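Undergrad: Using the sequences and the accompanying hints, generate a full structural model.
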Amino acid sequence: MVSLFWRVFLLNAVVLVVATALLLGPVTVSTPVLLTEAAVLVGGLAAMLIANAALLRMALAPLQRLTRAMATIDLLRPGQRPAAEGRGEIVDLIATFNTMLDRLESERATSAARALSAQEAERHRIAQELHDEIGQTLTAVLLDLKHVADQAPPALRDELHQTQETTRTSLEEIRRIARRLRPGVLDELGLVSALKALTSEFRTPKLSVRHRLAADLPSLGHDRELVVYRVAQEAVTNAARHAGARHVDLSLRRTPGGVELRVRDDGRGLGQAAEGAGIRGMRERALLIGAGLALERGPDGGTEVRLTVPTDTGRR
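Numbering-wise (UniProt numbering), the sequence shown opens with residue 1 and increments by one.
If you are wondering where the hints come from, they were derived from the structure by calculation, not from laboratory data.
Because the structure is a prediction, the values reported are computed rather than measured.
A few of these clues could be false.
What the hints assert, rightly or not - Within a straight-line C-alpha distance of at most 16 Å, the following computed EDC-like cross-link-like pairs (lysine to aspartate or glutamate) qualify: (1) LYS196 x ASP266; (2) LYS146 x ASP158; (3) LYS196 x GLU234; (4) LYS206 x ASP249; (5) LYS146 x GLU159; (6) LYS206 x ASP266; (7) LYS146 x GLU165.
TA: Below, the structure is given as structure tokens:
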């Protein structure tokens, strides 16, 4: 598809070529046409075309920048705005586009806050049901199995004990899922304890998860602590399940304006794949509290997730 610049330029070029052709007629120049006259006219035509192209390029440059901004803008990375340069209607167009972006970012933030709030409420409800209903039911089954096993003949006792172990494993798995859905330790003991529990949960013989958590962290409030925990949870989960990592380092330290969370792994890295729902979810959570989120290649390979959370005094 021909761009606006070339359409306008070609229209102007046609007009200039026709005008030059008319000047070469017998009314305006010598007959036959002298070589010097033809050279002057052709040179003048070339100069006019070059000047026309330069002026059009300058006049349409703001529109080209606006087009690039429209193609690359991402509402999960707010603040990107094309400069309102140019004259007349072009400036009005860019200003209108920037106003539209402000409104879209505001509406997206509001809708994302509602969605994430509903998601957390649903997680809490499901975790509560898993713990109170299914957990209690399996606990009762374990007690019944123990009672039956104690009175069963030796031939069946081993099978009943095996069933007990299977039921106990299922109960522990349900409790683990409930903790992931709603980290009660975060509400009861705070962010540092919740992150320690998170790293312990993922630590296996094949995966080393280490943590460095500062003791002088400022108060963040429940909403921001929940975002820090969820981002850490998603980052560690990605490293353990998708990146093939062997080592994960999680750190939380105080900064002049707030706190900084870093999660590094030695896995396969981000590569060229598009961001999935997990990463976009982290970005949306970071936006809700005015935090900055960066995903980069780690110093030794793998992936580094960095979340910068402002405190009340340093919030952007």
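Undergrad: LYS196 and ASP266: Cα distance at most 16 Å?
TA: violated, 20 Å
Undergrad: Need the status of pair LYS206, ASP266: alpha-carbon distance at most 16 Å?
TA: Distance of about 13 Å is within 16 Å: holds.
Undergrad: For LYS146 and ASP158, compute the direct alpha-carbon distance and say whether it is at most 16 Å.
TA: Holds - the C-alpha atoms of ASP158 and LYS146 are around 11 Å apart, at most 16 Å.
Undergrad: Would you mind confirming whether the straight-line C-alpha gap from LYS206 to ASP249 stays at or under 16 Å?
TA: holds, 14 Å
Undergrad: Does the alpha-carbon distance linking LYS146 and GLU165 stay inside the 16 Å limit?
TA: Satisfied, since the Cα-Cα distance of roughly 11 Å is no more than 16 Å.
Undergrad: Is it true that the CA of LYS146 sits at most 16 Å from the CA of GLU159?
TA: Measuring from Cα to Cα gives roughly 12 Å; hence the hint holds.
Undergrad: For the pair supplied as a hint, LYS196 and GLU234, is the alpha-carbon distance within the 16 Å limit?
TA: With a Cα-Cα distance of about 15 Å, the restraint between LYS196 and GLU234 holds, given a limit of 16 Å.
The structure does not agree with numbered hint 1 stated previously, though it agrees with all others.
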